[in-house]
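Protein chains: 2
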Amino acid sequence: MSEHVVVIGAVALGPKAACRFKRIRQDAKVTLIDRDEIFSYGGCGIPYFVSGDVTDANQLRTTAFHMVRDEPFFQDIKGVDVLSSTEATKIDRENKQVHVTDLKTGKKSVIDYDQLVIGTGATPRKLNLPGEELENVFYVGNMHDAEKIKAGVTSGKYGKAVVVGAGFIGLEMAEAFADMWGIETTVVEIFEQILPRMCTPVLAKMGQTHMEEQGVAFKLGQTVSRIEGNGKVERVVTSDGEIEADIVIISAGVIPNDKLARECGLECSERGGIIVDEFMRTSDPLIYSGGDCVIIKNAVDDSPMFLPMGSMANRQGRVIGGNLAGRNETFPAAAGSWVVKLFEKSMAGTGMSLGAAKQAGFDAVSVMLIMADRAHFYPVKDMMTLEMVVDKATRRVLGLQGYAGSGDAMVGRINAVAGIMKYKPVIEDVSNLEVAYSPPFASAMDVLNAIANMADNALAGMNHGHGPDVFAEYWADRESGDYCFLDVREYADAEPFLTKYPEHWRNIPQGEIPKRFEELPKDKKLVLICNTGGRSYEAQIMLDALGFKEVLNTQGGMAVLKAFGVDI
Amino acid sequence: MSEHVVVIGAVALGPKAACRFKRIRQDAKVTLIDRDEIFSYGGCGIPYFVSGDVTDANQLRTTAFHMVRDEPFFQDIKGVDVLSSTEATKIDRENKQVHVTDLKTGKKSVIDYDQLVIGTGATPRKLNLPGEELENVFYVGNMHDAEKIKAGVTSGKYGKAVVVGAGFIGLEMAEAFADMWGIETTVVEIFEQILPRMCTPVLAKMGQTHMEEQGVAFKLGQTVSRIEGNGKVERVVTSDGEIEADIVIISAGVIPNDKLARECGLECSERGGIIVDEFMRTSDPLIYSGGDCVIIKNAVDDSPMFLPMGSMANRQGRVIGGNLAGRNETFPAAAGSWVVKLFEKSMAGTGMSLGAAKQAGFDAVSVMLIMADRAHFYPVKDMMTLEMVVDKATRRVLGLQGYAGSGDAMVGRINAVAGIMKYKPVIEDVSNLEVAYSPPFASAMDVLNAIANMADNALAGMNHGHGPDVFAEYWADRESGDYCFLDVREYADAEPFLTKYPEHWRNIPQGEIPKRFEELPKDKKLVLICNTGGRSYEAQIMLDALGFKEVLNTQGGMAVLKAFGVDI
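First to last, the protein sequences are chains A and B.
Position one of the first sequence corresponds to residue 1 (the UniProt record's numbering), numbered consecutively onward.
Position one of the second sequence corresponds to residue 1 (the UniProt record's numbering), numbered consecutively onward.
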């Protein structure tokens, strides 16, 4: 009898592992089990289905050549049997059996396996709020949720939406509502920033500011107490007040579905998630697992990490498929790369944010740079802001995050750093990282190299100063007389500010500093600023050498202040 | 007396090294020498100046904040002295002196140095063709050439152009002429492909086909014998005939300007170029060099490499600036990344092409894949073709090249592989490379991971077949009866071909193969094809398992045939 591989869960990891194994071992029998009747879909596409970018739900279930990945597809094209609407209720490792229940008939049965794959994914984290059961309150867990949300949206019955949670899905859903359907949308987030843990509050504020310009409202640092309404949702009550809502989306993260694994005694993390080795093998050598239900290794510090992303599931699924067939393939670690489109801008990152790095015990600092994403003389370009997180003592690059007009261009820099993350790179590895160059695509000294150079300069004490958040504090305190705000751009650029703030704004163009530095007070903090922080950096070096004691460069300059939303 | 650093050459490397050093060592004196009166410009922007994308030549000499990098700029802003229109004629290492001649006055003098930087760049390779001296025959060596070409182009006096050399500059100039100025343009190339040595003829043909569709003509495998005309150029005579021309651009590569270095006894390569260590130090510890006049190390096989690119010069310049100040910075090696925009498409690469890898002694093979550059269900997307070069025995990834609609998206994949090249990656390192994922920017199984998976499948013997060039040979030989061309797409896709080629085209949709394989001949080569090579790969696996002996997958499918220009 041929070997039988059973795969529990058929969304992303399961089908990949099953089909890969079957391609290598055409003689084997493979059975995919899923409790849903809809399976093998691109769940990450749900916000784009809701927005209308993806017109038909089936598009998320089709191959690139327009075939729906249903039972006959897997049978005929892939040679894989599918038991849909079938729930795996128990794994009997001793007898190598999976107990299943047909959810349509209620019939129970037992399936023998030689090797098993657990790809049970994750479930939206339930907030269990009073009023969650009201009509038009949704979690975004599967295609059924997606179809209900889309049906309501297209019917035009929602005028106001509240999204709870400013993570990836929350922000994507907010964009979908506001951009394509003109729904008045408010995002509520318990943390004081969007994308908590993914980037600094400074970078997050840039994304938030852009979304606000596009009409999305944010209530940060607020918890939701309850949802109210008469049958249907009517309002969301938060720690700070009430928000009217015809629809509520709750996207507060996901938790790994490790129950089956846990109950059969497989090693799991205390905080949730099945533990696997680099071969994606569980504590039972006949059972593999991957995707949203496992814990993997963080390439930055080798710590355990939960990284529920479709891309992880696909790559891990392929590794499992190979290992089921006796190959020794590995998935060593992940850097935690991400990218999210927010209307006309994008944010992306890899590795650790500054906050995450500190939490992990690194003595970390970050630097921020804003620069054109290709040759500054090339006519078609966008600005890109990058923030790099480095460890002071070891000079290791711990993370890179960004905010940019061209998400593709930014991803091109993020991927490059993600790729080297497992080699534990230091700053110099990014200073010299070879970004493919010609003027339409990069700068000769590319923004990616430049952010590493800036980190180098910061650690060397050559570039010292602050970001827009600290500038805003200084500026708010300008009446104290402790600061001299010095604009080192040419007069024409500084003139509007000199007129508006005659008492607080000073101007000496950078090139005139050697002749005019004696005009500057020696007893104040010199807060230097220019367009993007380049000239003010050079001015800071000059003034340092001239003996000024407290010279502070506004890193990112006016461009970052504007993106950050400083009102100046 | 303060230390004096002298820098010979002020285009890209020189200014970078000078300014970086000066920023670290504000007390030192730095002198930049250049024989031209125009210096510190972005030479890579010349084609975009000619095209009109860059309207004013000064834009190539300005900073991002619109200041022209002239003598006063370097003096006031950077604290660097400039001697322009000054030629360095001799380096006297014993006395640590540079002999210079003021080209305007003829006055000779001697400059003492403590440390020296040679950034003399490269010069266009002269073909010394009969007729080169005719009016309107240009090399593209500096801004003066650029200004002359641009003046002629804008005056409308050129109807027909010939570009000699199908390298980066040649192709960019051809685009500039044809796209923006409607000039009838022909590119002549001695090799049988565009971008020789940078990619395979197959990939090159895709770029060529696109440029032909945009109106550029190509004469490949032809040498230029002479240029003819009466005062002004009228025609170019090649090994195969004559081409009318009002303007001729000769872009046959560049050769490093190592004369000064060679004459003062610094170690140079036999094939040209100053030899430097990883600190960018020459054989004299007081003299550094970098940019277009040096030989660096190829990250793929640690062999010497000449890589004249503005991005190299900038990064190396920064390293030199640091080392002049006593830091120990390194530029260990380069992968040789490149990207070029060709009208609506782009080509890019890193590492070695298949041909270069074989020449370097690797037992190399390549695989080619065509796929959407982001989630296939996302409405805005382009196709990306990638070709990966791997070493059979060691599974090392030696190079990656591509052709795509979105150059930004392709560069995002190229950079990622470029970044890991110095770590000598194997296929698995790219299979698992963490491309930042969300549907608007990548596929869950991204095109970059997929090309590595394909290389894995090819080396495992699972995916066997051919590219469009070999398909074209088979198809040309279709009357021999040796082949069965089997279209495994659904009937609707195959139908036009069945109608057009009833004798030679067969169709069994992939899913029907298990039931219908007995219809297929056992004594012919089965040449499988689908849209992009995915279904035909799966069909090939099925037919292999069913006992067919010669099953050949057309990798890249119809999409690659079309891009390659196969007339079917």
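What the hints contain is simulated information worked out from the structure, not anything from laboratory work.
Where is the CB? At the ideal position from N, CA and C, for every residue including glycine.
Just to be clear, a hint being listed does not mean it is correct.
Quick list of simulated restraints, FRET-style, between CB atoms [to be verified]:
| id | chain 1 | residue 1 | chain 2 | residue 2 | range |
| --- | --- | --- | --- | --- | --- |
| 1 | B | Arg-516 | A | Phe-65 | 49 to 59 Å |
| 2 | B | Lys-358 | A | Phe-191 | 52 to 62 Å |
| 3 | A | Ala-492 | B | Glu-192 | 54 to 64 Å |
Computed list of lysine-lysine pairs in DSSO-like fashion (alpha-carbon distance at most 30 Å, straight line) [as the list claims (entries may be wrong)]:
| id | chain 1 | residue 1 | chain 2 | residue 2 |
| --- | --- | --- | --- | --- |
| 4 | B | Lys-500 | B | Lys-522 |
| 5 | B | Lys-515 | A | Lys-29 |
| 6 | A | Lys-522 | B | Lys-562 |
| 7 | B | Lys-381 | A | Lys-148 |
| 8 | B | Lys-232 | B | Lys-126 |
| 9 | B | Lys-148 | A | Lys-381 |
| 10 | B | Lys-29 | A | Lys-515 |
| 11 | B | Lys-29 | B | Lys-104 |
| 12 | A | Lys-381 | B | Lys-381 |
| 13 | B | Lys-107 | B | Lys-160 |
| 14 | A | Lys-522 | A | Lys-562 |
| 15 | B | Lys-424 | A | Lys-297 |
| 16 | B | Lys-500 | A | Lys-392 |
| 17 | A | Lys-392 | A | Lys-358 |
| 18 | A | Lys-424 | B | Lys-297 |
| 19 | B | Lys-500 | B | Lys-524 |
| 20 | B | Lys-424 | A | Lys-424 |
| 21 | B | Lys-29 | A | Lys-549 |
| 22 | A | Lys-424 | B | Lys-392 |
| 23 | B | Lys-522 | B | Lys-219 |
| 24 | B | Lys-148 | B | Lys-259 |
| 25 | B | Lys-160 | B | Lys-297 |
| 26 | A | Lys-392 | A | Lys-524 |
| 27 | A | Lys-126 | A | Lys-297 |
| 28 | A | Lys-29 | B | Lys-549 |
| 29 | A | Lys-126 | A | Lys-157 |
| 30 | B | Lys-522 | A | Lys-29 |
| 31 | B | Lys-160 | B | Lys-259 |
Chain A side only, calculated, beta carbon under 7 Å to chain B, not exhaustive [unchecked claim]:
| id | residue |
| --- | --- |
| 32 | Cys-44 |
| 33 | Gly-141 |
| 34 | Val-340 |
For each hint, the structure was consulted:
For Arg-516 (chain B) paired with Phe-65 (chain A), a C-beta distance near 19 Å fails the hint of 49 to 59 Å. Take Lys-358 (chain B) and Phe-191 (chain A): their Cβ atoms lie about 55 Å apart, and the range 52 to 62 Å holds. A C-beta distance of roughly 55 Å is found between Ala-492 (chain A) and Glu-192 (chain B), which places it inside the suggested range of 54 to 64 Å. A C-alpha spacing of about 24 Å is found between Lys-500 (chain B) and Lys-522 (chain B), which places the hinted pair at or below 30 Å, so the restraint holds.
Only pairs whose Cα atoms come within 30 Å are accepted, and Lys-515 (chain B) paired with Lys-29 (chain A) is accepted, the gap being roughly 18 Å. Note on Lys-522 (chain A) and Lys-562 (chain B): the hinted pairing is violated, with a Cα-Cα distance of about 70 Å set against a maximum of 30 Å. Restraint check: the Cα-Cα separation between Lys-381 (chain B) and Lys-148 (chain A) comes to about 27 Å, which is no more than 30 Å; the hinted pair holds. Only pairs whose Cα atoms come within 30 Å are accepted, and Lys-232 (chain B) paired with Lys-126 (chain B) is accepted, the gap being roughly 19 Å.
For the hint linking Lys-148 (chain B) to Lys-381 (chain A), the alpha-carbon distance of about 27 Å falls within 30 Å, and the restraint holds. A C-alpha spacing of about 18 Å is found between Lys-29 (chain B) and Lys-515 (chain A), which places the hinted pair at or below 30 Å, so the restraint holds. With a C-alpha separation of about 24 Å, the suggested pairing of Lys-29 (chain B) with Lys-104 (chain B) holds against the 30 Å cut-off. With a C-alpha separation of about 19 Å, the suggested pairing of Lys-381 (chain A) with Lys-381 (chain B) holds against the 30 Å cut-off.
Restraint check for Lys-107 (chain B) and Lys-160 (chain B): not satisfied, since their Cα atoms lie roughly 44 Å apart, outside the 30 Å limit. The suggested pairing of Lys-522 (chain A) with Lys-562 (chain A) holds, with an alpha-carbon distance near 29 Å, which does not exceed 30 Å. Taking the CA atoms of Lys-424 (chain B) and Lys-297 (chain A), the gap is near 22 Å; set against the 30 Å cutoff, the hint holds. Between Lys-500 (chain B) and Lys-392 (chain A), the direct Cα distance comes to roughly 68 Å. Violation of the 30 Å bound is thereby established for this hinted pair.
With a C-alpha separation of about 11 Å, the suggested pair Lys-392 (chain A) and Lys-358 (chain A) falls inside the 30 Å cut-off, and the hint holds. As the CA atoms of Lys-424 (chain A) and Lys-297 (chain B) are separated by approximately 22 Å, the hinted pair is consistent with the 30 Å bound. With a CA separation close to 21 Å, the supplied pair Lys-500 (chain B) and Lys-524 (chain B) stays within the 30 Å bound. For the suggested pair Lys-424 (chain B) and Lys-424 (chain A), the alpha carbons sit about 15 Å apart, so the restraint of at most 30 Å is met.
Only pairs whose Cα atoms come within 30 Å are accepted, and Lys-29 (chain B) paired with Lys-549 (chain A) is accepted, the gap being roughly 24 Å. With a C-alpha separation of about 28 Å, the suggested pair Lys-424 (chain A) and Lys-392 (chain B) falls inside the 30 Å cut-off, and the hint holds. With a C-alpha separation of about 43 Å, the suggested pairing of Lys-522 (chain B) with Lys-219 (chain B) is violated against the 30 Å cut-off. Distance check on the hinted pair: Lys-148 (chain B) and Lys-259 (chain B) sit about 27 Å apart at the alpha-carbon level, within 30 Å; holds.
Our distance criterion of 30 Å between C-alpha atoms is broken by Lys-160 (chain B) and Lys-297 (chain B), whose separation comes to about 41 Å. For the hint linking Lys-392 (chain A) to Lys-524 (chain A), the alpha-carbon distance of about 28 Å falls within 30 Å, and the restraint holds. Taking the CA atoms of Lys-126 (chain A) and Lys-297 (chain A), the gap is about 26 Å. The hint holds against a cut of 30 Å. For the given pair, Lys-29 (chain A) sits about 24 Å from Lys-549 (chain B) by alpha-carbon distance, which is consistent with the 30 Å threshold.
Proposed proximity of Lys-126 (chain A) and Lys-157 (chain A) is supported: the alpha carbons are some 25 Å apart, at most 30 Å. In summary, the hint linking Lys-522 (chain B) to Lys-29 (chain A) is supported, as the alpha carbons are separated by about 27 Å, within the 30 Å threshold. Only pairs whose Cα atoms come within 30 Å are accepted, and Lys-160 (chain B) paired with Lys-259 (chain B) is rejected, the gap being roughly 37 Å. Taking 7 Å as the C-beta contact cut-off toward chain B, the hint placing Cys-44 (chain A) at the interface holds, the least distance being around 6 Å.
Using the Cβ-Cβ criterion of 7 Å, the hint placing Gly-141 (chain A) at the interface with chain B is not satisfied: the shortest such distance is roughly 18 Å. Checking Val-340 (chain A) against chain B by beta carbon gives a least distance of about 6 Å; that is within 7 Å, so the hint holds.
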